[in-house]
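Heads up: the sequence lines are chains A and B, in that order.
The opening position of the first sequence corresponds to residue 154 in the numbering used here, with each subsequent residue numbered one higher.
The opening position of the second sequence corresponds to residue 941 in the numbering used here, with each subsequent residue numbered one higher.
It should be emphasised that the hints constitute simulated quantities derived from the structure, not laboratory data.
Please note that the accuracy of each hint is not assured.
Said to hold, decoys possible - Okay, derived cross-link-like pairs now, DSS-like style, lysine-lysine, Cα gap no bigger than 27 Å in a straight line: (1) A/210 x B/996; (2) B/992 x B/1008; (3) A/210 x B/992; (4) B/1046 x A/210; (5) B/989 x B/1046.
Claimed, not checked - Chain A regions said to be covered by chain B (calculated; three or more residues, Cβ under 8 Å): (6) 162–176; (7) 253–264.
To be verified - These stretches of chain B come out as covered by chain A in the derived footprint (C-beta under 8 Å, 3 or more residues): (8) 984–996; (9) 1042–1053.
Glycine included, C-beta positions come from ideal geometry on N, C-alpha and C.
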Amino acid sequence: KAGVTQTPRYLIKTRGQQVTLSCSPISGHRSVSWYQQTPGQGLQFLFEYFSETQRNKGNFPGRFSGRQFSNSRSEMNVSTLELGDSALYLCASSFGQGGNTIYFGEGSWLTVV
Amino acid sequence: GNSVTQMEGPVTLSEEAFLTINCTYTATGYPSLFWYVQYPGEGLQLLLKATKADDKGSNKGFEATYRKETTSFHLEKGSVQVSDSAVYFCALSGRGGGADGLTFGKGTHLIIQP
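Produce the complete structure using the sequences and hints provided.
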């Protein structure tokens, strides 16, 4: 079956703009989580959604937000982009919560100039 | 809170050498433990996992055993290949009724020379 699909794969934005990234989980998976990967900070957890509700949130400012739709697809939004937001944003899905294996997409590469 | 510590490298080995990448963790309760691999320009791929103490995860010649007494989950492979060159991440997932994100180590960059 198809894996986790993320779009777009690559994008360049200007400081101050906003960006929306999309994620389609593996069929049947109801939990979607997002991670930011940078060379300096490594992989950091952004948030997790289950059944359209945000269940857990990492330590990121309010400029980072997300949502999940009834078909489990998810989007994350970053407003007022800063240079430091340049990163690989990874979406992951799992069947349920807590202890289930998490599968990752290939990521969206965001460059802020 | 939860944390994962692993050697960052780079670790450079010759083909067919024995590989060990150390990983230790701090967590409350009984976490599940994972190794993920990331090839250049790609996302993370699950390599192996273990969900309880003394479990051994294995895949593609890689193995790791969940050691609760030493809070470790070291990755091993008997004979590495050039194609194993990648970044390896140790991670844990907490258990419990709530949603838990994965906590990752910093990653170990592995370079295998022919």
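Checked hints:
The straight-line distance between the Cα atoms of residue 210 of chain A and residue 996 of chain B is roughly 31 Å, outside the 27 Å bound, and the hint therefore fails. About 8 Å separates the Cα atoms of residue 992 of chain B and residue 1008 of chain B, which keeps this hinted pair within 27 Å; it holds. For the hint pairing residue 210 of chain A with residue 992 of chain B, the CA-to-CA distance comes to about 26 Å; that is within 27 Å, so the pair holds. Among the hinted pairs, residue 1046 of chain B with residue 210 of chain A is consistent with the structure: their alpha-carbon atoms are about 20 Å apart, no more than 27 Å.
Distance hint between residue 989 of chain B and residue 1046 of chain B is fulfilled; the C-alpha atoms sit about 18 Å from each other, no more than 27 Å. Check on the region 162–176 of chain A: 0 of its residues sit with their Cβ under 8 Å from a Cβ of chain B, so the three-residue criterion for coverage is violated. Only residues whose C-beta sits within less than 8 Å of a C-beta in chain B count toward coverage, and the region 253–264 of chain A has 8 of them, enough to reach three; the restraint holds. Closer than 8 Å: that is the beta-carbon criterion, and the region 984–996 of chain B has 5 residues meeting it against chain A, so the requirement of 3 holds.
Taking a C-beta to C-beta cut-off of 8 Å, the region 1042–1053 of chain B contributes 6 residues in contact with chain A, enough for the three needed, and the coverage statement holds.
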